[in-house]
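**Student:** So you can see what is in the structure, the chains are spelled out below.
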Amino acid sequence: MIRVENITKRFGNYPALHGIDLEIQAGEFIALLGPSGSGKTTLLRIIAGLEFQDEGHVHFNGEDVSDIPVGKRNVGFVFQQYALFRHMTVADNIAFGLTVRKARNRPPKAEIKARAQELLRVVQLEGLGDRYPGQLSGGQRQRVALARALAIEPSLLLLDEPFGALDAKVRKDLRRWLRDLHKQMGLTSIFVTHDQEEALELADRVVVMDHGRIDQIGTPEQVYMEPATAFVSHFVGETNRLPDGRHIRPHDIEIVAEGRDRVMVDNVFRKGGSWRVEGRLHETGTIVEIDIDSHDTPPAVGETVAIAAKRARIFSAAEQR
Amino acid sequence: MTRKTRKVTPGTESRTAQVLLITLALAFLAFFLMLPLIAVFSEALKQGIGPFLDAVANPDAFSAIRLTLIIAAISVPLNMVFGLAASWAITKFSFPGKNLLLTLIDLPFSVSPVVSGLIFVLLFGAQGLLGPWLSAHGVKIIFAVPGIILATVFITFPFVARELIPLMMEQGKEDEEAAVSLGANGWQTFWHVTLPNIRWGLLYGVLLCNARAMGEFGAVSVVSGHIRGETNTMPLHVEILYNEYDFVGAFAVASLLAALALVTLVLKTVLEWRFDLHSGARH
Amino acid sequence: MPSMTTRKTTWRAPSVLPGFGLTFGFSLAWLSLIVLIPLSMLFIKSAGMGWQAFVDVGFSERALTAYRLSFGTALAAAFVNAVFGLLVAWVLVRYAFPGKRVISALVDLPFALPTAVAGIALTALYAPSGWVGQYLDPLGIKVAFTPIGITVALVFIGLPFVVRSVEPVLADLGKDVEEAAATLGAGRAQTFARVIFPAILPALFTGFALAFARGVGEYGSVIFISGNMPGKTEIAPLLIVTQLEQYNYDGATAIAMVMMLVSFAVLFTLNAVQSIRRRRLGA
Numbered sequence: 133m134i135r136v137e138n139i140t141k142r143f144g145n146y147p148a149l150h151g152i153d154l155e156i157q158a159g160e161f162i163a164l165l166g167p168s169g170s171g172k173t174t175l176l177r178i179i180a181g182l183e184f185q186d187e188g189h190v191h192f193n194g195e196d197v198s199d200i201p202v203g204k205r206n207v208g209f210v211f212q213q214y215a216l217f218r219h220m221t222v223a224d225n226i227a228f229g230l231t232v233r234k235a236r237n238r239p240p241k242a243e244i245k246a247r248a249q250e251l252l253r254v255v256q257l258e259g260l261g262d263r264y265p266g267q268l269s270g271g272q273r274q275r276v277a278l279a280r281a282l283a284i285e286p287s288l289l290l291l292d293e294p295f296g297a298l299d300a301k302v303r304k305d306l307r308r309w310l311r312d313l314h315k316q317m318g319l320t321s322i323f324v325t326h327d328q329e330e331a332l333e334l335a336d337r338v339v340v341m342d343h344g345r346i347d348q349i350g351t352p353e354q355v356y357m358e359p360a361t362a363f364v365s366h367f368v369g370e371t372n373r374l375p376d377g378r379h380i381r382p383h384d385i386e387i388v389a390e391g392r393d394r395v396m397v398d399n400v401f402r403k404g405g406s407w408r409v410e411g412r413l414h415e416t417g418t419i420v421e422i423d424i425d426s427h428d429t430p431p432a433v434g435e436t437v438a439i440a441a442k443r444a445r446i447f448s449a450a451e452q453r
Numbered sequence: 062m063t064r065k066t067r068k069v070t071p072g073t074e075s076r077t078a079q080v081l082l083i084t085l086a087l088a089f090l091a092f093f094l095m096l097p098l099i100a101v102f103s104e105a106l107k108q109g110i111g112p113f114l115d116a117v118a119n120p121d122a123f124s125a126i127r128l129t130l131i132i133a134a135i136s137v138p139l140n141m142v143f144g145l146a147a148s149w150a151i152t153k154f155s156f157p158g159k160n161l162l163l164t165l166i167d168l169p170f171s172v173s174p175v176v177s178g179l180i181f182v183l184l185f186g187a188q189g190l191l192g193p194w195l196s197a198h199g200v201k202i203i204f205a206v207p208g209i210i211l212a213t214v215f216i217t218f219p220f221v222a223r224e225l226i227p228l229m230m231e232q233g234k235e236d237e238e239a240a241v242s243l244g245a246n247g248w249q250t251f252w253h254v255t256l257p258n259i260r261w262g263l264l265y266g267v268l269l270c271n272a273r274a275m276g277e278f279g280a281v282s283v284v285s286g287h288i289r290g291e292t293n294t295m296p297l298h299v300e301i302l303y304n305e306y307d308f309v310g311a312f313a314v315a316s317l318l319a320a321l322a323l324v325t326l327v328l329k330t331v332l333e334w335r336f337d338l339h340s341g342a343r344h
Numbered sequence: 004m005p006s007m008t009t010r011k012t013t014w015r016a017p018s019v020l021p022g023f024g025l026t027f028g029f030s031l032a033w034l035s036l037i038v039l040i041p042l043s044m045l046f047i048k049s050a051g052m053g054w055q056a057f058v059d060v061g062f063s064e065r066a067l068t069a070y071r072l073s074f075g076t077a078l079a080a081a082f083v084n085a086v087f088g089l090l091v092a093w094v095l096v097r098y099a100f101p102g103k104r105v106i107s108a109l110v111d112l113p114f115a116l117p118t119a120v121a122g123i124a125l126t127a128l129y130a131p132s133g134w135v136g137q138y139l140d141p142l143g144i145k146v147a148f149t150p151i152g153i154t155v156a157l158v159f160i161g162l163p164f165v166v167r168s169v170e171p172v173l174a175d176l177g178k179d180v181e182e183a184a185a186t187l188g189a190g191r192a193q194t195f196a197r198v199i200f201p202a203i204l205p206a207l208f209t210g211f212a213l214a215f216a217r218g219v220g221e222y223g224s225v226i227f228i229s230g231n232m233p234g235k236t237e238i239a240p241l242l243i244v245t246q247l248e249q250y251n252y253d254g255a256t257a258i259a260m261v262m263m264l265v266s267f268a269v270l271f272t273l274n275a276v277q278s279i280r281r282r283r284l285g286a
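Chains as they are written, first to last, in our numbering: chain A, 133 to 453; chain B, 62 to 344; chain C, 4 to 286.
Just chain A, with the same shape it has in the complex (with noise of 0.2 Å):
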């Protein structure tokens, strides 16, 4: 079970983290989800040793690991550009770990070895040890990445952007593959991803941060219906803000025979299985999204509807940020 109590870190006069608590049950697979700049990343580092808080502390298992260099946490991290040693075969990357360890500690050299195959059979590039990172693509890279990290039989697994790094269709390849992994191999892991889709497809929990704050952690399901700020609501899946403070899905509206709101639309488009309404608020200009289901006939283009709400949020000061 990893804690984190309190963290806060600032770099010169940027604070970059302020007052962050996080608790971790073994055995979850957990995503930082944020913009650039929102801490996401720094957070990931201090628990893996590689940054310093200045204030709080990372338990590890009940222990205050916060003095323990990086080296001794046994965390497995993977890069966000990987990091691999460009001199070394794929196999000495994967077994790096393993090979620097103080000879006691170190397990014989055909043991080391075989851990090295293994790993290669784990993330599927058998046959490929011997290669150099320059001869791989950017999705084996990756995974070679991932053995390397995995060779030292880390009791948490830490993913900087793991998918950044490579293009759509690999990147979904990629996602389902990492999931099933987690599960069979019972690690405990934490993701960092500026991409929702990523976050509320792979990660038990999701971790909202904006600003050096975390705005709201739950499932992904919690996180979709049940927001917890503003940020979050337009963050994580698409909302609409409007004048009177209410903020609407687009899915959430329909379009009624009678209304107060009344939207002239603008545009109209298919998007995935359903019509996208693009429209302005007759009063305010307010730029409106509507989602139709397929099957409905949208309005035209010139249009002026009626809309309603079958399902709004309002936050609270404190929330509006």
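Everything labelled a hint here was simulated from the structure, so no lab data went into it. Relax, there's no trap hidden among the hints.
Sample of chain A residues facing chain C (criterion: CB under 7 Å; computed from the structure):
no., residue
1, Leu182
2, Phe184
3, Val202
Simulated pairs of lysine-lysine, DSSO-like, Cα-Cα distance not exceeding 27 Å:
no., chain 1, residue 1, chain 2, residue 2
4, A, Lys245, A, Lys204
5, A, Lys403, A, Lys304
6, A, Lys315, A, Lys304
7, C, Lys145, B, Lys107
8, B, Lys234, A, Lys234
9, A, Lys403, A, Lys442
10, A, Lys315, A, Lys245
11, A, Lys204, B, Lys234
12, A, Lys241, A, Lys204
Please read these numbers as outputs of a predicted model, since none were measured by experiment. Glycine included, each C-beta is placed from N, C-alpha and C at the ideal position.
Chain A is fixed; fit chains B and C onto it per the hints.
**Tutor:** What follows is chains B and C alone, placed relative to chain A:
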């Protein structure tokens, strides 16, 4: 088509203009670079191979060659160690005053070689700050080998560091962090991760450092005292022979130095092609 | 907060990588020993000699003539190099021609060739009886033993600074901006003058400044070709050496000090102009 014009791709010159510019540039280089180089070898061999070999095999020339090799063998490793230490501190950590440190490392580049020698004379010479104390203890630095080494180390001080710092800056510290996160200690990280990443850049810096260390004239000239067979390096020996009107001898020794320069250029070019190291104007 | 907060109050940003104390400490110590302490001798010595003594030598008629010669020839050579260095860089970056790689490598020859070797080679070429000199002499053009000869030597020494400063900028300058200029109706000359030249001007400036600074302090390649006539072809670094040979350390120091201050002032001004420009361009 009434007018017959050559089509010129936008963003480039006509073939004629290109040929003209290329010719002009090559003529300039031939005149200012090639010709002096050819002159060195041809003057050295002016009276045939015999006098050339005699001049090179002369005991004074021989001891100058030996001294030059010793000087380089001592000062290059010193600056290599400094270059590695300084670039590790500068590129892997953030601390205030870093830019000042970079400026100070570059300082020897902007000091005249003669002044570089002068400062050591002021410090260790007979009338220098530490001169009386040194002579009372029988230590000789100026007009002796230690002075030549000091001046050479000063002159070549920035070479390795200036090559490594931009390279290591560009490589960042993710690789080292990865190694440390996998449990490697400082030396393991340096040996297994950092050094392999920078080895060609290091070699490049060492190569340039060595060329300058063997060829330095002004600074060494001030501190050496030109004692034949003792404190004469190859460039100084060239000067002495030249001033004695032994032109074949002077050019013979000079041709060895020119050959060294050519070898340096070849190795440097090979390194640039193979490892995509950029050469910069920072010498 | 017990242990954590106390450990973090260091003056540098904390890092997981080890070795800062060792490498930083060593770098600073070595820098002080080799560069800072010896260089500070110039200031200590100057301060110790009194203003009048300083002015008497530092601004004597002979010294002033030497400064004029050193700075004047360095300036002239830097101008020649700015023009031809730009041409060479342009040709190397833009055009394809046989032997280009060899030529490109050769540009660094002045970095690699010991200055004394360059000095005697140039003298052999430009002396009245030399390869080139024999054709110039009947025309009444004297190169060796005149300021022209000094300038020729400084052109040789300074060329790579300009070429290597301009080359990368020219290579980075995308073809697209030139094509954009062409689509907007600019002719080739206009494109060069209004698009390309302003973009490479800062780099050209840097190369110019580096070549100039190097030229002012240059010794080895100049003393052979200059003839060293006091008041006529005696450069400032040579004057320092002359003072030293007469054991006039004060005189040597005063001249060195003046030279260094003027060089620094020039470089500082150029840098300031550059950084103002850069800030305005937001680069």
